[in-house]
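Colleague: Read off the chains here:
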Amino acid sequence: MNLVDNFYAYLWPGETMREMQTYGNNCNSYLVAKALPEDKHVLVDPGMVTNEARQNCLDRLISEMEKDGIKIEDVGLILNTHAHPDHYGASEAIRKMSGAQVAIGRGDDDFLKLAGGAMAQAIKEMGFEFPELHPDFYLTEGELRLGQDLVARIMLTPGHSQGHIAIYWPDAKVFMGGDLIFHGSTGRVDIPGGSAQSLKESIEQVAQLEIEYLLTGHQYGSPGIIVGQEEIKRNFDLIRIHIFPYL
Amino acid sequence: MSINDDKIKSALEIALEKAQKLGALSDEEKYRLKDEELVAAGEALAKRYLNGLPLRDIETELAGRAEGDRRMISQHLLQHLLDRSDIGHIGRDDNILAAIQHLSGDPGIVQSIRDLLQKYESAIEKAKQENLSALEAAKRNELELMGISGSAVEPAIETSREWMQVQQDLDSHYQGQLEHIKQKSRNLTDSTHTATHPEGRGNAIQ
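Read top to bottom, the protein sequences are chains A and B. If you're matching positions, the first sequence starts at 1 in the numbering used here and goes up one per residue. If you're matching positions, the second sequence starts at 1001 in the numbering used here and goes up one per residue.
Simulated from the structure, these hints should not be mistaken for lab results. Every residue, glycine too, gets a C-beta built ideally from N, C-alpha and C. Hints are not guaranteed to be accurate.
Said to hold, decoys possible - Cβ-Cβ distance ranges computed for the label pairs, FRET-style:
id : chain 1 : residue 1 : chain 2 : residue 2 : range
1  : B       : 1052      : A       : 210       : 49 to 55 angstroms
2  : A       : 73        : B       : 1142      : 18 to 24 angstroms
3  : B       : 1142      : A       : 228       : 38 to 44 angstroms
4  : B       : 1137      : A       : 222       : 44 to 50 angstroms
As the list claims (entries may be wrong) - Facing chain B, from chain A, some residues (calculated, C-beta under 10 angstroms):
id : residue
5  : 76
6  : 97
7  : 101
8  : 152
With the sequences and hints as input, model every part of the structure.
Modeller: Shown next as C-alpha cells:
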C-alpha cells in the first residue's frame, strides 16, 4: 500500500479482534521504493518467513509488494529495527533472493551473539528455528544517505531491546519506530535487553520530532499507522499518562 | 481372551523371537549388535546433554548400567561431543568443555583445548587489528557503490568476504591442532578400553 511519496506500508493483519484471532504474530514491514541506484528498494523489518501459526509471512509480503508493482528481487537494502525474529527473521531469505545488503543496530547484533544461544534454545523447544542474521553493516546514531539525495536519520531508541533503532525520514516526516511505540501503547520491556527507563527516554526523544506519519511495528488491535501531527501528539500524551506509570 | 491379553501375548512373543534370534547369532554378531546399541546410547545421551540435560542426570542414567556398558557409553558420549567440536564454536559452549573434562577424567585434555582456544582468539584479534582499517575501507567502498553511506553506517567486517577468507585460513590452521588434541583423547580412551576389556571389545555380553 502506497503511503506517501515513495513510502509503502505492508501491515500484518491484526487491527481488529477478528484479525488478531485469525493471524499469528508477525511485524509490519515498510518500504522506500527506488531509494538506491538502479531503482533498488529499501525494506524495513521484513518480518518472519513463517510464524508460530505456520502462516507464510514472507510469501504474503512478496504478494502484497507485487500488487504495488514491487519485486522482492529488487530489494537492495534491508534495515532491521531490532534483533527479534518477528522483525528480522526473513532478512537472510530475502538476501538470497535479491542480494540485498542487511543492517541492524550494533547493540542488537551483540545481543544476537550473546543471548542468541539461550533464545535460540527456547525457540527451538517451541518447534521453530532461530533465524540467522549476518549483517553487512551496523547502524549507529547518525545520518544514513541513500542514492543521490535521500537522507534518513538513524536514532538509537533502546528500551524494547538494547540495540533498538528507529528511522526518521525528515523530508517526508515519516518515522519508522519498530517496537518502540504503538497506537495507545508501547513495546514490551520484559524481554532480555529490555528497559522501561530507556524506553521512556527513547519515546521522549522521538516526541520532539516533527512527524506526519508514525509507522509502528505491530497493529495489536489498533491501527498500525498514525497519521497527522495532532493525532501523533495525542498518542504521545496518552502514553505518558496511561502507560508510563505501569512500565 | 481380551484384547489386552492379546497385546501382552504379542509383546511376549516378539521378545521371545528376539531372544531366539539372539541365541542363533554368532559371538561376533552379538558383539556388533551390542556395540551398535552402546554407540547409539552414547550419541543419544550426547544429544540430550547438548539440549540441556544436566551432567548429574547423565550420571544417574549411567549408574543404572553394568560397569562395562557404562564405560563404553561414556566413551561414545565423549567421542560424540569431541566430533561435534570445531575451533569456531567449542569455546562458546562451556558445557561441552565441562563434559569433556568430566568424561575423559583427564584435565589435561581440556586444558590443552583451552590453551589452543586462547591462541586462536589472540590470532583472530591480531588479524583483525592488522586488517581492520583496510577491510573497513573496502566495505565502505562497496556500500558506496551501492548508494549507501553516511555517519550511521558502520561496516561489519566480520561478514566481509576478505575477512571471511582471513578467518577461514586461521580456522583451518587451528582446527588442525584441535583435531590433533581430539585424536590424542581418542587414543587415550581407546587404550583404556582395550586394556580393560579382552579382545578390545569390552565386556559387551554379560
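Colleague: Would you settle whether the hint for residue 76 of chain A is holds or violated, based on the nearest Cβ-Cβ distance to chain B being less than 10 angstroms?
Modeller: It holds, given that the least Cβ distance between residue 76 of chain A and chain B is near 6 angstroms, below 10 angstroms.
Colleague: When the nearest CB of chain B is found for residue 101 of chain A, is that gap smaller than 10 angstroms?
Modeller: holds, 6 angstroms
Colleague: Using the C-beta atoms of residue 1052 of chain B and residue 210 of chain A, is the stated range 49 to 55 angstroms upheld?
Modeller: At 50 angstroms between Cβs, range holds.
Colleague: Does the Cβ-Cβ separation between residue 73 of chain A and residue 1142 of chain B fall within 18 to 24 angstroms?
Modeller: Distance hint for residue 73 of chain A, residue 1142 of chain B holds at roughly 20 angstroms.
Colleague: Hint says 44 to 50 angstroms; check whether the CB-CB distance for residue 1137 of chain B and residue 222 of chain A agrees.
Modeller: holds, 46 angstroms
Colleague: The hint names residue 152 of chain A as touching chain B; please verify it with the least Cβ-Cβ distance against 10 angstroms.
Modeller: holds, 8 angstroms
Colleague: Would you settle whether the hint for residue 97 of chain A is holds or violated, based on the nearest Cβ-Cβ distance to chain B being less than 10 angstroms?
Modeller: Check failed: Cβ of residue 97 of chain A comes no nearer than 17 angstroms to chain B, outside 10 angstroms.
Colleague: Indicate whether the distance between the beta carbons of residue 1142 of chain B and residue 228 of chain A respects the range 38 to 44 angstroms.
Modeller: Holds: the Cβ-Cβ distance is about 40 angstroms, inside 38 to 44 angstroms.
This entry does not satisfy hint 6, going by the numbered hints stated previously; all others are met.
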